[in-house]
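Asker: In the order they appear, the protein sequences are chains A and B.
By the count of my numbering, the first sequence reaches residue 709 at its end, each step adding exactly one.
By the count of my numbering, the second sequence reaches residue 709 at its end, each step adding exactly one.
It is possible that part of the hints are untrue.
Which copy is meant is left open, so a pair is good if it fits within one copy or across any two.
Unchecked claim - Keeping only pairs whose Cα atoms sit at most 27 Å apart, straight-line, the calculated DSS-like set for lysine-lysine is: (1) LYS609 x LYS595; (2) LYS693 x LYS226; (3) LYS643 x LYS526; (4) LYS643 x LYS226; (5) LYS659 x LYS609.
None of these hints come from the bench; they were simulated from the model.
In case you want the letters, here they are:
There are 2 protein chains.
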Amino acid sequence: MNAAYEIYRELLRKLADVQYAMGVLNWDQETYMPPAGAELRAQQISTLSGIAHNMSTSAELEEILLKLEKDPSLEEKEKRNIVQSLKNLRLNKKYSQAFVETMSMAVSEAFTAWQKAKEANNFSLYAPALEKLIRLKREECTLAGYTGHPYDALLDQYEPGAKTADLVVLFSDVRSQLVEFVRRIAACPQNPDEFMYLHYPKSKQWDFGIELLKQMGYDFDAGRQDISSHPFTTNFGSRDVRVTTRISENNLNEMIWSCIHEGGHALYEQGLPFSEYGLPSGEYISLGIHESQSRLWENNVGRNLPYWKHNFPKLQAVFPENLKGVTPIDFFKAINKVHPSLIRTNADELTYHFHILIRFEIEKALIEGSIEVKDLPSLWNSKYKEYLGLDVPSDSKGVLQDIHWSHGSLGYFPTYSLGSFYAAQFYAKAKAEIPSLEMEIEKGNLKPLLDWLRLKIHALGKFYTAEDLCINICGEKLNFKYFMDYAKAKYGGLYPL
Amino acid sequence: MNAAYEIYRELLRKLADVQYAMGVLNWDQETYMPPAGAELRAQQISTLSGIAHNMSTSAELEEILLKLEKDPSLEEKEKRNIVQSLKNLRLNKKYSQAFVETMSMAVSEAFTAWQKAKEANNFSLYAPALEKLIRLKREECTLAGYTGHPYDALLDQYEPGAKTADLVVLFSDVRSQLVEFVRRIAACPQNPDEFMYLHYPKSKQWDFGIELLKQMGYDFDAGRQDISSHPFTTNFGSRDVRVTTRISENNLNEMIWSCIHEGGHALYEQGLPFSEYGLPSGEYISLGIHESQSRLWENNVGRNLPYWKHNFPKLQAVFPENLKGVTPIDFFKAINKVHPSLIRTNADELTYHFHILIRFEIEKALIEGSIEVKDLPSLWNSKYKEYLGLDVPSDSKGVLQDIHWSHGSLGYFPTYSLGSFYAAQFYAKAKAEIPSLEMEIEKGNLKPLLDWLRLKIHALGKFYTAEDLCINICGEKLNFKYFMDYAKAKYGGLYPL
Numbered sequence: 213m214n215a216a217y218e219i220y221r222e223l224l225r226k227l228a229d230v231q232y233a234m235g236v237l238n239w240d241q242e243t244y245m246p247p248a249g250a251e252l253r254a255q256q257i258s259t260l261s262g263i264a265h266n267m268s269t270s271a272e273l274e275e276i277l278l279k280l281e282k283d284p285s286l287e288e289k290e291k292r293n294i295v296q297s298l299k300n301l302r303l304n305k306k307y308s309q310a311f312v313e314t315m316s317m318a319v320s321e322a323f324t325a326w327q328k329a330k331e332a333n334n335f336s337l338y339a340p341a342l343e344k345l346i347r348l349k350r351e352e353c354t355l356a357g358y359t360g361h362p363y364d365a366l367l368d369q370y371e372p373g374a375k376t377a378d379l380v381v382l383f384s385d386v387r388s389q390l391v392e393f394v395r396r397i398a399a400c401p402q403n404p405d406e407f408m409y410l411h412y413p414k415s416k417q418w419d420f421g422i423e424l425l426k427q428m429g430y431d432f433d434a435g436r437q438d439i440s441s442h443p444f445t446t447n448f449g450s451r452d453v454r455v456t457t458r459i460s461e462n463n464l465n466e467m468i469w470s471c472i473h474e475g476g477h478a479l480y481e482q483g484l485p486f487s488e489y490g491l492p493s494g495e496y497i498s499l500g501i502h503e504s505q506s507r508l509w510e511n512n513v514g515r516n517l518p519y520w521k522h523n524f525p526k527l528q529a530v531f532p533e534n535l536k537g538v539t540p541i542d543f544f545k546a547i548n549k550v551h552p553s554l555i556r557t558n559a560d561e562l563t564y565h566f567h568i569l570i571r572f573e574i575e576k577a578l579i580e581g582s583i584e585v586k587d588l589p590s591l592w593n594s595k596y597k598e599y600l601g602l603d604v605p606s607d608s609k610g611v612l613q614d615i616h617w618s619h620g621s622l623g624y625f626p627t628y629s630l631g632s633f634y635a636a637q638f639y640a641k642a643k644a645e646i647p648s649l650e651m652e653i654e655k656g657n658l659k660p661l662l663d664w665l666r667l668k669i670h671a672l673g674k675f676y677t678a679e680d681l682c683i684n685i686c687g688e689k690l691n692f693k694y695f696m697d698y699a700k701a702k703y704g705g706l707y708p709l
Numbered sequence: 213m214n215a216a217y218e219i220y221r222e223l224l225r226k227l228a229d230v231q232y233a234m235g236v237l238n239w240d241q242e243t244y245m246p247p248a249g250a251e252l253r254a255q256q257i258s259t260l261s262g263i264a265h266n267m268s269t270s271a272e273l274e275e276i277l278l279k280l281e282k283d284p285s286l287e288e289k290e291k292r293n294i295v296q297s298l299k300n301l302r303l304n305k306k307y308s309q310a311f312v313e314t315m316s317m318a319v320s321e322a323f324t325a326w327q328k329a330k331e332a333n334n335f336s337l338y339a340p341a342l343e344k345l346i347r348l349k350r351e352e353c354t355l356a357g358y359t360g361h362p363y364d365a366l367l368d369q370y371e372p373g374a375k376t377a378d379l380v381v382l383f384s385d386v387r388s389q390l391v392e393f394v395r396r397i398a399a400c401p402q403n404p405d406e407f408m409y410l411h412y413p414k415s416k417q418w419d420f421g422i423e424l425l426k427q428m429g430y431d432f433d434a435g436r437q438d439i440s441s442h443p444f445t446t447n448f449g450s451r452d453v454r455v456t457t458r459i460s461e462n463n464l465n466e467m468i469w470s471c472i473h474e475g476g477h478a479l480y481e482q483g484l485p486f487s488e489y490g491l492p493s494g495e496y497i498s499l500g501i502h503e504s505q506s507r508l509w510e511n512n513v514g515r516n517l518p519y520w521k522h523n524f525p526k527l528q529a530v531f532p533e534n535l536k537g538v539t540p541i542d543f544f545k546a547i548n549k550v551h552p553s554l555i556r557t558n559a560d561e562l563t564y565h566f567h568i569l570i571r572f573e574i575e576k577a578l579i580e581g582s583i584e585v586k587d588l589p590s591l592w593n594s595k596y597k598e599y600l601g602l603d604v605p606s607d608s609k610g611v612l613q614d615i616h617w618s619h620g621s622l623g624y625f626p627t628y629s630l631g632s633f634y635a636a637q638f639y640a641k642a643k644a645e646i647p648s649l650e651m652e653i654e655k656g657n658l659k660p661l662l663d664w665l666r667l668k669i670h671a672l673g674k675f676y677t678a679e680d681l682c683i684n685i686c687g688e689k690l691n692f693k694y695f696m697d698y699a700k701a702k703y704g705g706l707y708p709l
């Protein structure tokens, strides 16, 4: 046992304790907190956040990391932990307490301004606060440092190693290949899906969602599901991983996709090695890889026919009247309706990426300074016209729809697309390595898939970068081809293309 | 504005943020946490606890307190805050980090050992861990310091200013007056209460409990109720004050008394001044005063006839079959059945105090060293025979029944009795000052009582000590006479004494 490494492990354990405590406060805030508690809760989370920042930049941690950096006796996993932790410490030290506090205030103001502006459908109520925030984000890029594009500094926080230049190439593929493909689908007659919007009582939907989660292998001894207005997954160590869902009584889609999507995130967290609590080796790799897990379950498994061959008869038994005469094929078609729409979170799995593309282009331009905040509404609307063929009727349904910028989360959106593309590539590999995979899914047996994901991804923590993980699993880097192959094969069967 | 005082206020605000964060983690642990999360949760709470300890003893806090101690410009409330905070800091500084950690470990071990011993009905499985803990508690008394009895040092943590010598006198009154009174009641024929133990469906009980809380004035915008195995009240500032209840489908008492009791605690917390967050002036005075609020609502209001004149017809409307032919008077008699029993938490409001008396005598003897842990079972059993006339059939139903000692909570039990006695005295004063009080209660109007409590107690925070508060309200110190007067008046009408 390496004494210095044990001290390092203990320091990171305590840091994780504080960060997960913040997680519990956040979870409670979104699920059960009474309304009058909001003001103090924001303050309590902010105090813990300051404590965590101090712990993550302490002289004690730095000293032990610098010592361990030169220790040749460490195992490979331990070495990689030290590298990761040093990177984090150096980054965190670049932000002064004053900068962190100014940013925190600016986020608070921007969030309030965004809420008001969205409600009033008036971008100008948001613009001054967003301008201030964008100035600070530009400053953050300078503080954090970058070699290529300043936006790299933001990307790196969510998707370590990702580069703006690579994303430009990737999204250029998305544009050139997906725009045309979606146009061809849009020209086809739509498949009927009216039965998705009948009255589905809440408690029956809830029970069905729980069964879907159990079937995926989600461990309810180490987790739970609750209701929140925006579904999310959170965890406080890998033995307490919680999901939330939302249920609309007039739209069956809400519950189904939030359960499967969040379940996918949760399986990743429940599969991370418990013994590595608090260490990089116990953490997820990147938001893109995290999203690959939710999207793989949601789209490659959940929006596919084998899954519903098994599950549709069960769903039909719960809602016999609503789904009378509907076949698994009808259902498969209904849940895969492709049509350009204004709101990202309601988009189908193909047009979804145009929403991300638009946000990526805008964020990149904002950070490099080639556009200003005042240009956003007109730019937004022209891009929605260009990529999705839609006229944006109001800023509330346009540039004001997403919460992310008001949270200061620039560089985050691209990970949603990366997740889907990784998912397609991983799923293709899983099918190749497990020939019976979809036959088992048809029988309701999802274990072979989960075992494969556990072995190839979950159990490894942050040992690899996203790129190396992909090479390790698939023998090549992220390749958009797999997503297009998946889309062509699937939608070719759904529409007369 | 006093700049130094503002720094002090800010330091205490942050300390409160961390302590309330621990509160959220504890609440979640008792209500919603999945079982596998337990191990990490204990660790996360312990880390926050260490952080709070460091904040509460920091050089920065000490320096500002010493400066403010000599500041003549402070207002009286501010001066008292500084005195309280200095007292806390000096006490906390007496415990080294090593001592705090050793105690925390000993508590953890004792708790596990207690659970095993209780389940196996085998005190010897608990004795070694409890011995270690008692040794540490004796050491704690020495570290904390005391002028009279060493047990004073423990009492003072829960009931600042309380003295062992005073409690000896008080409990001697309890013995001499209450033992004989209960004997006379026990000799009477029992009033029927079988209807309390019919089948009462859970969801209907839940809804009725919510209505009771609303009627008391509990603010659901600043609180919520959940289910837990042991009912409790917790808060994270006065705008998020939560209660829990437990519901037995075969015993109507569980829900009713936990709702009203915890509701009483919660009203105190919701009534503390929000602007004094984190400061002594925003805190409750002592556990005895806290318990006075829960007991006043539970016993003086809730176990009395005026309350049920209004509420029994409502209860009867919810459970018409179970309560057919039962009158408010029958119900009043059934909820006030006095008979000696083995388990404290199920005891009636009179024999309850014998349970506390026994624990007080034992704790005092343990701390002064006149008995040892190995003597506990036989001593326990002989006292239950002497005060309650009962043979204890097993240690599980005897010395092992309560969790408190395994938590290291010695000096805590007496506050339960103090609470009841304060409650009787305060309630007598409220009746004297508001002649229409019980007429209003009969109409279901509890607002005059709550307004009185808010004015006389809640809004004052920790401005007064418990003793001074009592003098301020009642013109005299705590006087056991009020409890006996209440008991005699009430039980004289319930039993042919």
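Asker: None of the hints should be skipped; say for each whether it holds.
Answerer: Structure-based check of all given hints:
With identical chains, the CA atoms of LYS609 and LYS595 are at most 27 Å apart within one copy only, with a shortest distance of 14 Å there and 74 Å across copies. Taking identical chains as interchangeable, the C-alpha atoms of LYS693 and LYS226 are never at most 27 Å apart, the minima being 43 Å within one chain and 52 Å between chains. With identical chains, the CA atoms of LYS643 and LYS526 are at most 27 Å apart within one copy only, with a shortest distance of 25 Å there and 63 Å across copies. Taking the shortest alpha-carbon separations for LYS643 and LYS226, neither the intra-copy value of 41 Å nor the inter-copy value of 53 Å comes in at or below 27 Å.
In this assembly of identical chains, the alpha carbons of LYS659 and LYS609 never lie at most 27 Å apart, being 41 Å within a copy and 47 Å across copies at closest.
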